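Listed below are the residues making up each chain.
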Amino acid sequence: MEQLNPRDLARRNFTDHALFGMAIFVFTEVMLFAAFMSAYLITRNSAPPGMWPPADQPRLPFASTAFNTVALLASGVLVAQAHFAERRKGMKAARVPLTMGVALGALFLLLQGAEWASLLRQGLTLTSSQVGAFFYLIIGAHALHVVCALALLLWCWTGLMAGRMPASRFGAAQLFWYFVVIVWPVLWLVVYR
Amino acid sequence: MKARPGNGDPRQATAVAAAVLLSLLPQLAHACAVCGGGNPANRFAFFASTISLSVIPLGLFAVGFLWLRKRIFSQTRDEFRERDADRSGRPKPTKDS
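If you're matching them up, the sequences are chains X and U in order. Under numbering that gives the first Met the number 0, the very last position in the first sequence is 192; numbers go up by exactly one each time. Under numbering that gives the first Met the number 0, the very last position in the second sequence is 96; numbers go up by exactly one each time.
I should point out that these hints are in silico values taken from the structure, not numbers from a laboratory. Certain hints may be false.
[As the list claims (entries may be wrong)] Which residues of chain U face chain X? A partial, calculated answer using Cβ under 7 Å: (1) F45; (2) L57; (3) L59.
[Unchecked claim] Partner residues are not named here, just some residues of chain U that face chain X (Cβ under 7 Å, in silico): (4) S48; (5) L52; (6) I55; (7) G58; (8) R70; (9) I71; (10) S73.
Predicted, not measured: the structure shown is a model, and the values here were computed from it. Cβ atoms here follow ideal geometry from the backbone N, Cα and C, with glycine treated the same way.
Work out the full structure, taking the sequences as your base and the hints as a guide.
Here's what the structure looks like:
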């Protein structure tokens, strides 16, 4: 019986390299945010009752950030739509949903920036309290990820508009974007509330 | 030559006796303000964090392994079907078949 050569089997590309590399990166990022959450929850629960956040510190705008959350979640849905449209109908069909997805991602970033400016004006800084330190560390880390993921999506978008977007590039960018979108509601519910 | 407890060194014998007595009176040591604090909410947060930080990497490894396994199986299955079709002289199966 003919045998498959194990060496050939090992050299075969069973998955897209860009996607696999991004998956490993996202793996490490999941652990990073899990560690942030762990440190935050332990510190928050070690505060005496009624002392978190401290009385002289502003409250985080949980309700108004809900709009940002909806924008980011909608962006994730639109990017997924772009993916399916590209697979079923070709690149042209993916243009509108991807453009809208990128625009909503940028809107989320702008609204977050405005919120940060408002909180800074109210006195919540990196050194004003543990609340401020954790807020800017965790939400800032997420914002940095949003910027990077948005840059990747924009790269895909320019390729899409030019009619030459490699599927591997889009796949990796999507995975990063989905991570950014999925981790946000968790951060919002834990940190803002 | 160093004295052994059996040889009647009073300091070592006292240390052993103290260790035995302490072991008979266990108390919860609140040595760490974070993990062993008296606050139940804090203890729960520490416990939940420990569980989640242990389970998340294992879960991600499992998902990655299963995903790769599925892809390898699906690709090699097609290959065997193509090879068997070549041998029998039948037309090669398409991906849909």
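Practice prompt. Could you check if U:I55 really has its C-beta closer than 7 Å to a C-beta on chain X?
Written response: 5 Å, holds
Practice prompt. Using Cβ atoms only, decide whether U:L52 comes closer than 7 Å to chain X, and label the hint accordingly.
Written response: 6 Å, holds
Practice prompt. Mind checking the CB of U:S48 against every CB in chain X and telling me if the closest is under 7 Å?
Written response: 4 Å, holds
Worksheet entry | Evaluation of the interface hint that places U:R70 against chain X, nearest CB under 7 Å | 5 Å, holds
Worksheet item: For the hint on U:S73, does the least C-beta distance to chain X fall short of 7 Å?
Response: Interface hint status for U:S73: violated (9 Å vs cutoff 7 Å).
Practice prompt. Grab the minimum C-beta distance from U:G58 to chain X and call the hint holds if it beats 7 Å, violated otherwise.
Written response: 10 Å, violated
Fill in: Given hint U:I71 near chain X, where the shortest CB pair must fall under 7 Å
5 Å, holds
Worksheet item: Does U:L59 pass the interface check with chain X, least Cβ-Cβ distance below 7 Å?
Response: This hint holds: U:L59 lies near chain X, its Cβ roughly 5 Å from the closest one there, short of 7 Å.
Worksheet item: Taking 7 Å as the limit, does the beta-carbon of U:L57 come near enough to a beta-carbon in chain X?
Response: 11 Å, violated
Discussion item. U:F45 was flagged as interface toward chain X. Is the shortest Cβ-Cβ separation under 7 Å?
Written reply: 6 Å, holds
Hints 2, 7, 10, counting from the list given before, are not met by this structure.
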